[in-house]
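Student: Below, each chain spelled out in residue letters.
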Amino acid sequence: MRSLVRWWRSVVARLVDPRRLEDLPVVVQDYLNAPVPAGRLPWRDVPYTVLDIETSGLDPRWDSILAIGAVDIEGGRVRLDRRWYSMTRPPEPSKVAAASIRIHGLLRQELAQAPPLEPVLLELLSRLQGRVLVVHMAAIDVKFLDRALRKHFRVRLRGPALDTARIGGVLLHNERMMSGDDERPRDTTLRSLAKQAKIPVHPQHNALSDALTTAQLFLYQATRLQKQGKDTFHKLLRVGGCLK
Amino acid sequence: MEEIARFLLGIPPFSQLSPEQVEQIGNEMQIEYFPAGENIIVHHGPPSAYLYIVRQGSVDLLREHEHGVQILDTLGEGEIFAYPSLIRNKPPIATVRTREEVLLYLLPAATFHQLRRTIPLFNRFFATSAIERISQRLQAHDANAAPELFRMRLRDLIRYRLVSISPDASVREAAMLMSQHDVSSVLVESDPPGIVTDRDLRNRVLAAGLSDATPVTRVMTSPVLTLPTDSLVFEALVTMLQRKFHHMPVVEGDRIVGMVTHSDILRQQSKNPLFLPRQLQRARTADDFRAYADQVTATVGSLLDAGARVNDLGHVASVAYDALVVRLLQDAEATLGPPPCPYAWLAFGSEGRYEQVLRTDQDNGLAYASDAPSGAAEYFAALAEQVVGALLASGFPPCPGKVMATNPEWRQPLDVWKSYFEQWMSMPREHTLLRVAAFFDYRPVYGSLEVESVLRPVIRRGRENRVFLGRLARVALRQHAPLSFFRQLVLERSGETRDLIDLKVRGTTLVVDLARLFALEAGCPRTNTVTRLHHCVEQSSLSPSGADDWWQRSN
Numbered sequence: 391m392r393s394l395v396r397w398w399r400s401v402v403a404r405l406v407d408p409r410r411l412e413d414l415p416v417v418v419q420d421y422l423n424a425p426v427p428a429g430r431l432p433w434r435d436v437p438y439t440v441l442d443i444e445t446s447g448l449d450p451r452w453d454s455i456l457a458i459g460a461v462d463i464e465g466g467r468v469r470l471d472r473r474w475y476s477m478t479r480p481p482e483p484s485k486v487a488a489a490s491i492r493i494h495g496l497l498r499q500e501l502a503q504a505p506p507l508e509p510v511l512l513e514l515l516s517r518l519q520g521r522v523l524v525v526h527m528a529a530i531d532v533k534f535l536d537r538a539l540r541k542h543f544r545v546r547l548r549g550p551a552l553d554t555a556r557i558g559g560v561l562l563h564n565e566r567m568m569s570g571d572d573e574r575p576r577d578t579t580l581r582s583l584a585k586q587a588k589i590p591v592h593p594q595h596n597a598l599s600d601a602l603t604t605a606q607l608f609l610y611q612a613t614r615l616q617k618q619g620k621d622t623f624h625k626l627l628r629v630g631g632c633l634k
Numbered sequence: 305m306e307e308i309a310r311f312l313l314g315i316p317p318f319s320q321l322s323p324e325q326v327e328q329i330g331n332e333m334q335i336e337y338f339p340a341g342e343n344i345i346v347h348h349g350p351p352s353a354y355l356y357i358v359r360q361g362s363v364d365l366l367r368e369h370e371h372g373v374q375i376l377d378t379l380g381e382g383e384i385f386a387y388p389s390l391i392r393n394k395p396p397i398a399t400v401r402t403r404e405e406v407l408l409y410l411l412p413a414a415t416f417h418q419l420r421r422t423i424p425l426f427n428r429f430f431a432t433s434a435i436e437r438i439s440q441r442l443q444a445h446d447a448n449a450a451p452e453l454f455r456m457r458l459r460d461l462i463r464y465r466l467v468s469i470s471p472d473a474s475v476r477e478a479a480m481l482m483s484q485h486d487v488s489s490v491l492v493e494s495d496p497p498g499i500v501t502d503r504d505l506r507n508r509v510l511a512a513g514l515s516d517a518t519p520v521t522r523v524m525t526s527p528v529l530t531l532p533t534d535s536l537v538f539e540a541l542v543t544m545l546q547r548k549f550h551h552m553p554v555v556e557g558d559r560i561v562g563m564v565t566h567s568d569i570l571r572q573q574s575k576n577p578l579f580l581p582r583q584l585q586r587a588r589t590a591d592d593f594r595a596y597a598d599q600v601t602a603t604v605g606s607l608l609d610a611g612a613r614v615n616d617l618g619h620v621a622s623v624a625y626d627a628l629v630v631r632l633l634q635d636a637e638a639t640l641g642p643p644p645c646p647y648a649w650l651a652f653g654s655e656g657r658y659e660q661v662l663r664t665d666q667d668n669g670l671a672y673a674s675d676a677p678s679g680a681a682e683y684f685a686a687l688a689e690q691v692v693g694a695l696l697a698s699g700f701p702p703c704p705g706k707v708m709a710t711n712p713e714w715r716q717p718l719d720v721w722k723s724y725f726e727q728w729m730s731m732p733r734e735h736t737l738l739r740v741a742a743f744f745d746y747r748p749v750y751g752s753l754e755v756e757s758v759l760r761p762v763i764r765r766g767r768e769n770r771v772f773l774g775r776l777a778r779v780a781l782r783q784h785a786p787l788s789f790f791r792q793l794v795l796e797r798s799g800e801t802r803d804l805i806d807l808k809v810r811g812t813t814l815v816v817d818l819a820r821l822f823a824l825e826a827g828c829p830r831t832n833t834v835t836r837l838h839h840c841v842e843q844s845s846l847s848p849s850g851a852d853d854w855w856q857r858s859n
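The listed protein sequences correspond, in order, to chains L and H. When we follow the working numbering, the leftmost residue of the first sequence carries the number 391, and every step to the right adds one. When we follow the working numbering, the leftmost residue of the second sequence carries the number 305, and every step to the right adds one.
One chain only, chain L, in its complex shape (with noise of 0.2 Å):
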């Protein structure tokens, strides 16, 4: 029975990646294969880790990660001692356009002397073992994520992660639903949502700073929906699930 198990493992493992799940990290394999938070749980008793990427541009193909920031929530509790924040050098610093420095900040020499991707997503898989994933407009982040984390290790981002922009976007049109009020904004832009929840807005395109309002945010929603009866874990995927 369990050389059955074993053997199917391995096959689960080839049809994810065609190399051995063995020769991956540790760390790598640790990831994969953390259990996924049962969908009963009260959402406060899910652990979250809230991400935040900072990028050379739009594209992942072309485009490189720069920086990452990342909090941990714990008992529906955003943890400052559990933030985490690292740069990360891009494959040509001197190609990162001057158009994009000016939203992030980075400098061209500062991203130089970072160290390089793959240890710095070692880091992160070890962050995210077990826990899920928050991240505001996921379709960007995850992309960007995913890439990089075929191309260094044949793995695949992993799911379920949670996007606050569907979330904002969906509690925006119950409210919208219940006043009858057309008029509202449908903007869910990160500092629109934060501003109308009325959480601070930490200044913005730092990769801990957006994770840290991104955290907020999640807490004034997930108690939302909690009062709305999507009290579960299992519900709030159903609201802003991502990544499935």
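Keep in mind that the hints were calculated from the coordinates and are not lab data. Please read these numbers as outputs of a predicted model, since none were measured by experiment.
Not everything, but these chain L residues come out facing chain H in the computed CB check (under 10 Å):
1) I463
2) R467
3) R469
4) D471
5) K588
6) P590
7) V591
8) H592
9) S599
10) Y610
11) T613
12) R614
13) Q616
14) K617
In this text, a Cβ means the ideal position worked out from N, Cα and C, and glycines have one as well.
Given the coordinates of chain L, assemble chain H onto it according to the supplied hints.
Tutor: Below, chain H without anything else, positioned relative to chain L:
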């Protein structure tokens, strides 16, 4: 992260720390979001594991009884809670419940204790809370000062940035000056001086459709209510809450030297868990009023235990009890309709002297305008009935000598009061003096009737009346001091209090009586015993060393 540090730097005690220290503290914080109506910590529940700082929204401090919920205070942005429980590792003294959705910063207990150990400023801030002081007192018997609000005087609070403008100026110039100095009020140098505030510009200029060339003198408030620089901050707060205004000019002699705003004080108050005035504002039922009076008594009692000066406390307690009386009178006016003529609610005895530390008997009376229309007597009878009744319900026992406004003898037109005083002074019979001495300590508590200019001159004439002063002295000395001069305690020999000392009767009466006597001799209009002694040193037969000696004794 910087945003959190920036926020913390704006609130005490973090505002007293260095930016580096605050940044480090910020790094240890946790953030939690609560829906409305949720308990964060529970009265008698498990000790708090965090220090909580309100970042957004507001919470109620409350206690639940079988007959309902008593809200002790409401805390808003930048206010801190749960530290009494955290410091003593004891169950919370009140439940904290969210009033609306709330974003909180949480400092874990271990970090909090480590900060108290390593940063003296941080530790001192939490050590100045009344609760801590009292618990320290219980442990160490050496507390020696009351919390800031009960100790701080306006002079400690005023920021000398009085902005004033000439009476010829226009409202536009006033507005420009205010915006230039970033202040919310400006003093108009008219005679008497006036004050123009943000609110006046909105309500009396913009909303009234006046042009910006309107002279400031047309929209200013004048004359203004002022308080001397040595008034307690607490008194200023109560006064402002009562009158619903936000600016209080502070005077030194008769010169306005500064302006204290409501928010200056509340900022100060947020450091202290003393929530009495706001609780009174919120009170609606007889139970609420009783709870308020209980709270005053309890607070004052614990401050007394904590070693506060009795004279300060008497002042504080009188201010707090006055606030209650004023509120009750306003409620009575609301039920009975506006008074038919001006009147004044008078306090006598210990309350008149600002010495009512604990809840003592009611000693009050009512004077109304001498030219009162018919029907006034009935109105004031009903008013007195309602207020004295409410005071009884709030736990103030009736005066055994029936010196209360419900007694028609002490609810009279002002000219009758004047004749009372004249009679007492011109035909001073000892047994009458014994009974009426407390009337010389009268103090108007509320009402628009100007009593002082009628009664005070009568009393002042007592100065020349040696017969009167002599009789008063004899009456005072007839009461024995409890120490049969000085070491032996004299215990009551009869009645329920046998073998106990009635300190009120025996201990302080002599000092009080003689202070009154010297004040009358010196023509001093003040009623507080300590103040009287101070004022009388130069103008009566009391020697400076004698005054000092007595001052110590009455403490």
